[in-house]
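J.: Residue numbers (the working numbering), protein chains in the order written: chain A, 185 to 578; chain B, 185 to 578.
Simulated from the structure, these hints should not be mistaken for laboratory data.
Fair warning: there could be bad hints in the mix.
Identical copies go unnamed one by one, so any copy, or any two together, can satisfy a pair.
[Said to hold, decoys possible] 25 Å max Cα-Cα, derived SDA-like pairs, lysine to any residue: (1) K339 <-> A277; (2) K339 <-> Y501; (3) K339 <-> R570; (4) K339 <-> L486; (5) K339 <-> L490; (6) K339 <-> T558; (7) K339 <-> A461; (8) K339 <-> R465; (9) K339 <-> E454; (10) K339 <-> H488; (11) K339 <-> R491; (12) K339 <-> I393; (13) K339 <-> L507; (14) K339 <-> P385.
These are the residues of each chain, in order.
2 protein chains.
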Amino acid sequence: MKRRHFLRTSLAAGTAAAATLTVGRAASAVPVRSLGLDERRWDRATDGPLRLSSNENSLGPSEAARRAILDGMGEANRYTHGLAGELRARVAAHHGVDEASVVLGNGSTEVLRMAVQAMAGPGGWGPSPALLVVPDPTFEHVEQYAGPWGLELLKVPLRPDHRHDIDRMREAARAARGGSSRGPVLAYICNPNNPTGTLTPCREIEDWIREADDVVFLVDEAYFEYVDHPSYRTALPLALERPNVVVTRTFSKVYGLAGLRMGYGLAHPEAARRIQAFSGRSNLNAMGILAATVSLGDDTHLAHSLRTNEDARRVTYDVLDELGLERLPSHANFVLHRISGDQAQYIRRMREAGAWVGRQFPPFLSHNRLSFGTPEEMGRFAEILREFRRRGWV
Amino acid sequence: MKRRHFLRTSLAAGTAAAATLTVGRAASAVPVRSLGLDERRWDRATDGPLRLSSNENSLGPSEAARRAILDGMGEANRYTHGLAGELRARVAAHHGVDEASVVLGNGSTEVLRMAVQAMAGPGGWGPSPALLVVPDPTFEHVEQYAGPWGLELLKVPLRPDHRHDIDRMREAARAARGGSSRGPVLAYICNPNNPTGTLTPCREIEDWIREADDVVFLVDEAYFEYVDHPSYRTALPLALERPNVVVTRTFSKVYGLAGLRMGYGLAHPEAARRIQAFSGRSNLNAMGILAATVSLGDDTHLAHSLRTNEDARRVTYDVLDELGLERLPSHANFVLHRISGDQAQYIRRMREAGAWVGRQFPPFLSHNRLSFGTPEEMGRFAEILREFRRRGWV
Numbered sequence: 185m186k187r188r189h190f191l192r193t194s195l196a197a198g199t200a201a202a203a204t205l206t207v208g209r210a211a212s213a214v215p216v217r218s219l220g221l222d223e224r225r226w227d228r229a230t231d232g233p234l235r236l237s238s239n240e241n242s243l244g245p246s247e248a249a250r251r252a253i254l255d256g257m258g259e260a261n262r263y264t265h266g267l268a269g270e271l272r273a274r275v276a277a278h279h280g281v282d283e284a285s286v287v288l289g290n291g292s293t294e295v296l297r298m299a300v301q302a303m304a305g306p307g308g309w310g311p312s313p314a315l316l317v318v319p320d321p322t323f324e325h326v327e328q329y330a331g332p333w334g335l336e337l338l339k340v341p342l343r344p345d346h347r348h349d350i351d352r353m354r355e356a357a358r359a360a361r362g363g364s365s366r367g368p369v370l371a372y373i374c375n376p377n378n379p380t381g382t383l384t385p386c387r388e389i390e391d392w393i394r395e396a397d398d399v400v401f402l403v404d405e406a407y408f409e410y411v412d413h414p415s416y417r418t419a420l421p422l423a424l425e426r427p428n429v430v431v432t433r434t435f436s437k438v439y440g441l442a443g444l445r446m447g448y449g450l451a452h453p454e455a456a457r458r459i460q461a462f463s464g465r466s467n468l469n470a471m472g473i474l475a476a477t478v479s480l481g482d483d484t485h486l487a488h489s490l491r492t493n494e495d496a497r498r499v500t501y502d503v504l505d506e507l508g509l510e511r512l513p514s515h516a517n518f519v520l521h522r523i524s525g526d527q528a529q530y531i532r533r534m535r536e537a538g539a540w541v542g543r544q545f546p547p548f549l550s551h552n553r554l555s556f557g558t559p560e561e562m563g564r565f566a567e568i569l570r571e572f573r574r575r576g577w578v
Numbered sequence: 185m186k187r188r189h190f191l192r193t194s195l196a197a198g199t200a201a202a203a204t205l206t207v208g209r210a211a212s213a214v215p216v217r218s219l220g221l222d223e224r225r226w227d228r229a230t231d232g233p234l235r236l237s238s239n240e241n242s243l244g245p246s247e248a249a250r251r252a253i254l255d256g257m258g259e260a261n262r263y264t265h266g267l268a269g270e271l272r273a274r275v276a277a278h279h280g281v282d283e284a285s286v287v288l289g290n291g292s293t294e295v296l297r298m299a300v301q302a303m304a305g306p307g308g309w310g311p312s313p314a315l316l317v318v319p320d321p322t323f324e325h326v327e328q329y330a331g332p333w334g335l336e337l338l339k340v341p342l343r344p345d346h347r348h349d350i351d352r353m354r355e356a357a358r359a360a361r362g363g364s365s366r367g368p369v370l371a372y373i374c375n376p377n378n379p380t381g382t383l384t385p386c387r388e389i390e391d392w393i394r395e396a397d398d399v400v401f402l403v404d405e406a407y408f409e410y411v412d413h414p415s416y417r418t419a420l421p422l423a424l425e426r427p428n429v430v431v432t433r434t435f436s437k438v439y440g441l442a443g444l445r446m447g448y449g450l451a452h453p454e455a456a457r458r459i460q461a462f463s464g465r466s467n468l469n470a471m472g473i474l475a476a477t478v479s480l481g482d483d484t485h486l487a488h489s490l491r492t493n494e495d496a497r498r499v500t501y502d503v504l505d506e507l508g509l510e511r512l513p514s515h516a517n518f519v520l521h522r523i524s525g526d527q528a529q530y531i532r533r534m535r536e537a538g539a540w541v542g543r544q545f546p547p548f549l550s551h552n553r554l555s556f557g558t559p560e561e562m563g564r565f566a567e568i569l570r571e572f573r574r575r576g577w578v
C-alpha cells in the first residue's frame, strides 16, 4: 500500500508560545492552534491534532462495531441486562471458560476497582489493612483506587531491563505476610507494562503465583493482543485454577473502543463472585455492549489493527533511530523513548505543534510515552520531531 | 392527535404455558412467544413485547441524541476526558451551580455507589461502621452498595399514605448518633419514591435536613421532571449550602437514555470532592456523553416526553379504574396498582402475553409496578389486562 502525505511546517522564531506549526494533508492543510484541554473537541478529530497520548487505536471502531451502534441507537432508552448476558456468553466462549468466570466492567478499569475494593472491604479476602505491591512506574489506576481505603502501598522499581522486579515484589509480599498485621496482600502485574511497553517473563510471574496462595494477583493484560514474542502467554490458566488470580482484558486498545468503556476480568468463579459484589449496578452501556459483542469475533479488524500497529511502529522506530533517540523495546501500541530537555516542556511544545504525546511517568522524566497512530500519522509525527531536532529541542 | 391501534387477542384454553396471546398493530400482527430473559434481544424491540418493567422512556432517545451518536461513533476509539468536561459545564449551567458541585456518573447509580463508599471508607465522613437508613420499599441500589461494607441497615416502612416516614427515620438517626458507636449516618431519600411513585412532602425532608448536620442525606430525584405538584421542589438549594446533602439526577428517565448510563450528583463542592474520590476512572462513555449533552437543552423532546407520559397515565388509569384495580397516585413514569392473586404468577402470565411488568417489591405483593409506555402501548396493555379479567386472573 502506498501512503503519501504532505506536510508543511513553519515555526515562527521566538518563544514556544508564538509557534504556529501547520500540519496537514494534501491540499487541505489546516492550521493547528495551541490546544488547551478544554478544546479537546470531538469534531476536531479528523483534521485536528495527532492524538498520540492515550494508547488508543487510531483506526477507530470496526465497520461492524459502527453498524452495531447504528442499528442499536434507537433502543438506547432500554437498560442493558439482557444484552450484557449475551456479551458475557460471547466472552466466555472466546476464552473457553465458564460464564461464571467472566466479570464485565465499565472498562477493565472498573474490574480493577472492584478487585481493589474486594480486598479493602471487611467482607473481602482478609483483615484490613491490606498491602498493595505495584511495579514502578506502571498504570496508575490500581494505586488510585486503593487511595481512599488506607491500603499500604509499596512501589517496587522496575529492573534496569524494565521488567517487573518479581524477586523484590515477592519478598515484600512474603515479609508482609510474616509480619504482625497479617493483612492480605494484593499484587498488581501489568504485562506488557504501561508506560514502558516492556515484557516481564511469564515464567517469573507464574512461579510466584504458584508459590503464593495467600497473595491476590491482579494481572493486567490490556495490551495482550499486540505481543508477538514466543515466550509470552496469558495468566488465564492459573486464574482458572486458583481463586487468588484475576486477569483483566479490554476492548479499548486493539478493538478500538476506548470511548465505549468496555472491559472484563477472568477469574476462578469464586473470585469472580467476590469481585462482582463491588460492581456498579447496570454498569455497562448499550452502545459499548453492542460494539464489543461484534468486535470480539472480528478477526479481520483485529488483524488490520495489528498490521497497522506494526507498520506504525516501524515508521516510529526509523525516526527515533535516525535522530539517535534511545527507545525501549515496545510490545504494545506505544513506545517509551528518550527525549532531551524538560519533559513537561517537550509535551507542551508537541501540543503546540499539533501532537498530543506523553504524560509524565516519573521517574522516566527524560523519556516520553508515544502512542502509535496510523503509519501516516506517525509520518506526520516524524516530521515534527525532525523539526524539533532542527530547532535543538530534542 | 389521533392514535389508532389494532389489537387481537386469542388465548388458548388450558394452562398459562399453553397461552398464545397475539398482540400486534394494523396488518402486521405478529405472534409474541413466551420470552425468557435470555431472549431479551435488541432487535425484537419494535414488534416485540411491551417493555413496561423498567421505568424507561418508550419514546427512545431524542432525534438530537441520535444524531449526536451518529456523528460521534467514528471517534468511539478515543477516551472521553475532554467530552466529559464539556458535559460537566453544561450540567452546571443548567442548574446554575459551580462545576465543582457536579459529579458525573455512569448512571446516577454510580453516584449513589460513590456516596455510600465515601461513607463506608476510613477516609470518609466518620468512623465506621455507619448506619444506613432507607425507606421501605424503595430503589434497592443504595442498600446493595452498602452490602459488602458492613454498614448497619435500618429499613423504615413507608407510612400508610406511602410517604417516607420521616419522623421514624429521623428518630433512628438521632438514636444512632447518641449511641456508643457514634458512627456516621447515611439517609436515603427517594422523592418521588420508586416503586410507589408517591411524593414525600418536601417540607418534611427539608426540616430534617436543616436540623441534622451530622446526617448525610442522599436525595434521589431520578423522576424529578415528571412531578407536577405545587409543593414539590428539588433539595438542591440545601445541598449547595450544606456539605452533607447530595442530590442525584439521571438521563435514564425523561431523557430516554437508560442504556447509555448517564447521571450525576449535585452537591456542595466539599461533598462533591469527597464523593469523586470513589469514582471509576474514565467512568463515562462517549456515546452517552454526546447524547446527554444535546439532550439536556432539548426542551422540545422533554415536553414531548412529559406529554406522552401524561397521556399514557390517563389510558392506564382508565383501565385500572374500569376494572376496579386500586392504584397509588403516580408522580412518575410508572404506577403501583393492585392485582389479585399471586404476584409472581401475574408477572409470568403478563410475560407470556407479551408484556414485561413488575418486579417484586415486598411488602407490596398484591400490587404490581407498571411503567408507562406510549399511550398506544398502554392501550395494548389495557386489552391484555381486560382479557386477564375475563379469565379471572386479575
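J.: Would you mind marking each hint as holding or not holding in the structure?
T.: Cross-check of the supplied hints:
1. Within a single copy, K339 and A277 get their C-alpha atoms no closer than 36 Å, and across copies no closer than 42 Å, so neither meets the 25 Å cut-off.
2. Proximity of K339 to Y501 under the C-alpha cut-off of 25 Å is found in neither arrangement, the shortest distances being 30 Å within a copy and 63 Å between copies.
3. Taking identical chains as interchangeable, the C-alpha atoms of K339 and R570 are never at most 25 Å apart, the minima being 36 Å within one chain and 67 Å between chains.
4. Taking CA atoms no more than 25 Å apart as the test, K339 paired with L486 passes in neither setting, with 34 Å inside one copy and 51 Å between copies.
5. Proximity of K339 to L490 under the C-alpha cut-off of 25 Å is found in neither arrangement, the shortest distances being 32 Å within a copy and 54 Å between copies.
6. For the identical chains of this complex, K339 and T558 are neighbours neither inside a copy (34 Å) nor across copies (56 Å), given an alpha-carbon limit of 25 Å.
7. For the homomeric pair K339 and A461, the shortest alpha-carbon distance between copies (21 Å) is at most 25 Å, but the shortest distance inside one copy (28 Å) is not.
8. Within a single copy, K339 and R465 get their C-alpha atoms only as close as 32 Å, which misses the 25 Å cut-off; across copies the closest is 20 Å, which meets it.
9. In this homomeric assembly, K339 and E454 never come within 25 Å of each other (Cα to Cα): the closest approach is 28 Å inside a single copy and 30 Å across copies.
10. In this assembly of identical chains, the alpha carbons of K339 and H488 never lie at most 25 Å apart, being 37 Å within a copy and 55 Å across copies at closest.
11. Taking the shortest alpha-carbon separations for K339 and R491, neither the intra-copy value of 35 Å nor the inter-copy value of 58 Å comes in at or below 25 Å.
12. In this homomeric assembly, K339 and I393 come within 25 Å of each other (Cα to Cα) only inside a single copy, at 19 Å, whereas the closest approach across copies is 44 Å.
13. When the C-alpha separation of K339 and L507 is checked against a cutoff of 25 Å, the pair qualifies neither within a copy, at 33 Å, nor between copies, at 68 Å.
14. For the identical chains of this complex, K339 and P385 are intra-copy neighbours only, at 19 Å inside a copy versus 53 Å across copies, given an alpha-carbon limit of 25 Å.
Hint compliance for this structure: hints 1, 2, 3, 4, 5, 6, 9, 10, 11, 13 are broken, all remaining hints hold.
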